[in-house]
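A.B. asks: Chain residues, written in single-letter form:
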Amino acid sequence: MQGIHDLGGMEGFTLPERDTGRVPAEEWERQVWGLLFALGNPVLGVNARDTERIPPALYLAMPYYARWLHVQERAALERGLVTEAELRDPDGLVEPVDDAGYTPPSPAEILGLLAADRSAELDLDVPARFAAGDAVATRNDFPFGVTRMPGYVRGRRGVVRRDHGVHAFQDTPPPGAEPRPQHLYSVRFAASELWGARGHPRDSVHVDLWDDHLEPAG
Amino acid sequence: MEREPKNVSRRDFLSTGSLAASGAIAGGSGREARAQDAEDGAQSDYALRTRALVAVLTRKNLVDPATMDAVVDFYENRVGPHVGARLVARSWLDADFRRRLLDDAREVARAEGVTGFQGTDLVAVANTPEVHNLVVCTLCSCYPWPLLGLPPAWYKDTAYRARAVRDPRGVLREFGLELDDGVEVRVWDSTAEIRYLVIPERPPGTDGLSEDALAALVTRDSMVGAEGLAAP
Numbered sequence: 082m083q084g085i086h087d088l089g090g091m092e093g094f095t096l097p098e099r100d101t102g103r104v105p106a107e108e109w110e111r112q113v114w115g116l117l118f119a120l121g122n123p124v125l126g127v128n129a130r131d132t133e134r135i136p137p138a139l140y141l142a143m144p145y146y147a148r149w150l151h152v153q154e155r156a157a158l159e160r161g162l163v164t165e166a167e168l169r170d171p172d173g174l175v176e177p178v179d180d181a182g183y184t185p186p187s188p189a190e191i192l193g194l195l196a197a198d199r200s201a202e203l204d205l206d207v208p209a210r211f212a213a214g215d216a217v218a219t220r221n222d223f224p225f226g227v228t229r230m231p232g233y234v235r236g237r238r239g240v241v242r243r244d245h246g247v248h249a250f251q252d253t254p255p256p257g258a259e260p261r262p263q264h265l266y267s268v269r270f271a272a273s274e275l276w277g278a279r280g281h282p283r284d285s286v287h288v289d290l291w292d293d294h295l296e297p298a299g
Numbered sequence: 005m006e007r008e009p010k011n012v013s014r015r016d017f018l019s020t021g022s023l024a025a026s027g028a029i030a031g032g033s034g035r036e037a038r039a040q041d042a043e044d045g046a047q048s049d050y051a052l053r054t055r056a057l058v059a060v061l062t063r064k065n066l067v068d069p070a071t072m073d074a075v076v077d078f079y080e081n082r083v084g085p086h087v088g089a090r091l092v093a094r095s096w097l098d099a100d101f102r103r104r105l106l107d108d109a110r111e112v113a114r115a116e117g118v119t120g121f122q123g124t125d126l127v128a129v130a131n132t133p134e135v136h137n138l139v140v141c142t143l144c145s146c147y148p149w150p151l152l153g154l155p156p157a158w159y160k161d162t163a164y165r166a167r168a169v170r171d172p173r174g175v176l177r178e179f180g181l182e183l184d185d186g187v188e189v190r191v192w193d194s195t196a197e198i199r200y201l202v203i204p205e206r207p208p209g210t211d212g213l214s215e216d217a218l219a220a221l222v223t224r225d226s227m228v229g230a231e232g233l234a235a236p
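For the record, the sequence lines run as chains H and B. Quick note: the first sequence, position 85, residue 166 per my numbering, numbers continuous. Quick note: the second sequence, position 163, residue 167 per my numbering, numbers continuous.
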């Protein structure tokens, strides 16, 4: 699905000045970030794909941390962990969760997770369809669900520059198919291939794409 | 939920940084003031919603506030641009280290103990007089956290994500870096698991400086390619 999050190449946006202060800047933003790792991601399974499903007008209107607040609020409500009435009056009555023995993730557990050596490369013997130097074209696919191929390279020709090894395919597989681990490549697209005459003749954009995104090009 | 999308979306619409900054809303001083009011209102609304969510979850023993604090401390103090700056400074002093970093940054980072969420699968690219590299994530805001900490607001802004791939030279010009026409610009859109570190050019007038002194000159934004480094 080419959702609103797929922003590459869109026009009409005005660049902010580069901020140099603390990140996250606001106290509520720091809380949202802390919550994301203390509950949202490890327990509720919230991730960036959830932010992609925020309705387009709302997505553009929300600053970054508001999107993470939004998806965590939704997940907590949908799982029945909180009710709307409780969120309206957080100091009022709260209904205990029917899970007396539950212990929330501790600082040590989560810090171990954050610092762990977590390569996404898989130690699997999967043949590579392409090698550095191969000319490729991206498939003209409009998959349902998630895709990590940005819309601006769809149907474009490029050259494989590097094989990143075997990775889990992150797109939603076609109906009935299993997600298939496959090689991930760095593919170079000339700016003129992507943006026509407005692309500078020397410039290029490099995108990491999987075997299933690519076809050989002559 | 009940308060969404209506109230929040209307208020937020008047308050996004990019809209307000573009002048689309802020036409005159009165309208600017209104946009600022709306922005303040949205900020306080987010703050209230966050407080409510955290308070209820804490009261139900679903979240440990100490864990939240530890996460924030980790990303504010343990990791950050000082980590990436050390690798950059060493690459300026040690040709063999630089070669290994450019060849297989993941192995170098691993040997240096620089691993973690969003950054283990690392690729380093070097700026030279002929080539300038710029990193973006057009689909979300992927960023090498273990090396640079959390990304600044500009990196996550819809405008940067939209424009960096189409008009990198214009973006860099607005950020204060005018590139010669003869320089090649390579944009890296980090939409998979690979994270990118830009090795900026060593600034002039730094001969004889120690690794620590050099690392202190390396800015966060230079390691994304958003600025060059000036002589100290």
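Watch out, some of these pointers could steer you wrong.
[To be verified] Stretch by stretch, here's where chain H covers chain B in the computed footprint (C-beta under 8 Å, at least three residues):
id, stretch
1, 90 to 99
2, 104 to 111
3, 121 to 134
[To be verified] Calculated from the model, a selection of chain B residues having no Cβ within reach of chain H, i.e. all distances over 10 Å:
id, residue
4, A157
5, V169
6, T195
7, E205
8, P207
9, A217
10, A219
Source of the hints: derived by calculation from the structure; they are not laboratory data. Cβ atoms here follow ideal geometry from the backbone N, Cα and C, with glycine treated the same way.
A.B. asks: Next step is simple, just say for each hint if it's right about the structure.
C.D. replies: Comparing the hints with the structure gives:
no., hint, result
1, 90 to 99, "violated (count 0)"
2, 104 to 111, "violated (count 1)"
3, 121 to 134, "holds (count 4)"
4, A157, "5 Å, violated"
5, V169, "5 Å, violated"
6, T195, "5 Å, violated"
7, E205, "18 Å, holds"
8, P207, "18 Å, holds"
9, A217, "21 Å, holds"
10, A219, "18 Å, holds"
Hint compliance for this structure: hints 1, 2, 4, 5 and 6 are broken, all remaining hints hold.
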